[in-house]
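**Student:** Heads up: the sequence lines are chains E and D, in that order. Numbering follows this note's numbering, with no gaps: position 49 of the first sequence is 49. Numbering follows this note's numbering, with no gaps: position 161 of the second sequence is 1161.
Because the hints were derived from the structure by calculation, they are not lab data. Mixed in with the good hints there might be a few duds.
[To be verified] Okay, derived cross-link-like pairs now, PhoX-like style, lysine-lysine, Cα gap no bigger than 20 angstroms in a straight line:
#, chain 1, residue 1, chain 2, residue 2
1, E, K124, D, K1007
2, E, K113, D, K1200
3, E, K113, E, K124
4, E, K122, E, K107
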Amino acid sequence: MGNILEISNVNQTFGGLHALSDINLQIEEGIIHAIIGPNGAGKSTLLNCCIGRLKPDTGSVMFNGHDMIGMQPHDINHAGMVRVFQTPEIFPELSLLENTIIPALAKRDGTFKFNPFATLSKEKDISDQAMSALADVGLDRFADQHAGSISRGDKRRLELAMGLIQEPALLLLDEPTAGMARHDTNRTIDLLKKIKERGMTKIIIEHDMHVVFSLADRISVLAQGRIIATGTPDEIKNNPKVKEAYLGEEAEDES
Amino acid sequence: MMKGLFKSNMAIMIVFTAVVLTAPIWLAPIGASYPDLLQKFAIFGVFAIGFNILFGLTGYLSFGHAAFLGIGSYTAVWSFKLLSMNVLPAIIFAVIVAGVFSLIIGFISLRRSGIYFSILTLAFAQMSYSLAYSVLTPITNGETGLQLTLKDPRVIDGMVGIPVTDSLPSTNFFGIAMSGYEGFYFCAVFLIIAFYVSLKIFRSPYGMKLRAIKSNQTRMKYTGFNTRPYLLSAFVISGMFAGLAGSLMAVTDPLAGAERMQWTASGEVVLMTILGGMGTLIGPLLGVGIIKYFENIFSALNDAALHEIYNFLPLGLENVMVAVSSPFVGDGWHLTLGALFMIVVIFLPGGIMEGFSKLSRVFGKSGHEATEDVVSESSSKTEGEK
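Looking at chain E on its own, in the form it has when it is part of the complex (with noise of 0.2 angstroms):
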């Protein structure tokens, strides 16, 4: 299979600091791709790149034949990406159900669509199909209640469910499962294995080793806004680079 995203000698610099050098990462269509690093290695400076919310200093982003550098959010959302944030960005005030009618509505509308005299409640299929993605991440017995009032890992798992609603090509996780108690970290891992069948391409950002070596097809290490190293998850829990800079005594235990 072809590449997705290709990220080419991306540099980044703030000030005097380089956030990211001469990344090159090109992503498989159809797999999970784990980036993982320590804190400051430039992993968020690097989603934020691929995403049109940074502009880098030099080199190019390509996902699905498009530029992704100065693009608008909402055209990065129709071409195919979409980002679950690492704080969960959700319409409080609306239901549970309402937050996932809103993106399958951005599907079948586009950009925009002035309508103000159709019906929400005749509109059948599109509630159907918010409720199975409910049903999906195991929030459809709170439907109608405030998405503001529901636990931080059910905010997660719903902001989830409203990006697998429009099936992108491309869905771009950061840390799934930050600040998630175990047994919450396990769910959504299960609920990510679940979903993998499906065929959309996943990019996650995690801290967590058991989540990563739990799901990824392939891993980046990124250290000091550096790739070190890419490979099977095997392939990066022997190498010594990897040890070296991140790993460490973890690694260790495990062998």
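We have chain E already, so just place chain D on it with the hints.
**Tutor:** Structure of chain D alone, referenced to chain E:
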């Protein structure tokens, strides 16, 4: 059962229409059933309903909507002067012109959000006010205000052969004079139409997207929506409602003055919306009712009237009560309104409508559901925060 009833637009519209059309009857006991005040209720009702589509749904607080009100009035009076005393062309032109102005002002102001948006709209409204007050005197007749004169051409009226009289003609709808109760019922029809439009918008996918923008605009953008045209269209719709209200003011009283565009007038509709309950269907109308009632009834009360009210008390107590109450009535009606506003904002941030849903929750589940549906159509923000 109750829930199902209020789910249907038809049922809501029947109840609403009945309530509006019988207003002269049920407002009589509180002394608010004279045509002048009824007309004000209906006209400001249209204004507030439109304002609520922008402020209540998207959360963008415009402090300049009185500009569109004034533009509507000026346009309508010009239509009376140049074309015809028939109110129909006046209203149509007023809505169109207000729409064009709101498109321009909205396009520029919506480049910013939050407080900066409010300041931009305020600046535009104050500019419009100064223009109308001095610079554009040939069009607006400055501080005197734009009025009808005997020399006005009234081209269409001349063509259809309406005789020129010695006195100023009155506004009419194909011969029906727009004063008194006729004027009220004419405005009431527009209030009912405006309410229906707002009801449709609240229950449309478009309306839900506007609420989602208020809730989290960043998420909206990354969900694939270009939020600018959504905001701009809501701004223009509310501007056109304001223009309609302005033209109705001119219909019931054919003159237009610059003070109609002042920031205090813009502030008034903000107060009405917040007092009643922003983002709810009926809240803004309640706000209009309360503020206009205070402005017209409380301001007219004097000590003699107070003595009459407290008549049933022993004389000494009566005098005490009158002394305590008098600062709050007559010229002091702003004091009462201010106190009421503070109480509502502190204890019921969702406005009076939140008070109603709290009350109905106390009185049992079924009542709660029913009110929840009609009343807080848009889920009240405060509830989410708790």
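**Student:** A separate judgement is required for each hint: does it hold in the structure or not?
**Tutor:** The hints, checked one at a time:
Our distance criterion of 20 angstroms between C-alpha atoms is met by E/K124 and D/K1007, whose separation comes to about 16 angstroms. Of the pairs offered as hints, the one joining E/K113 and D/K1200 holds, with about 15 angstroms between alpha carbons and a cut-off of 20 angstroms not exceeded. Between E/K113 and E/K124, the direct Cα distance comes to roughly 18 angstroms. Compliance with the 20 angstroms bound is thereby established for this hinted pair. Taken as a hint, the E/K122 and E/K107 pair is honoured in the structure, with Cα atoms around 18 angstroms apart against an allowance of 20 angstroms.
In summary, this structure violates none of the numbered hints.
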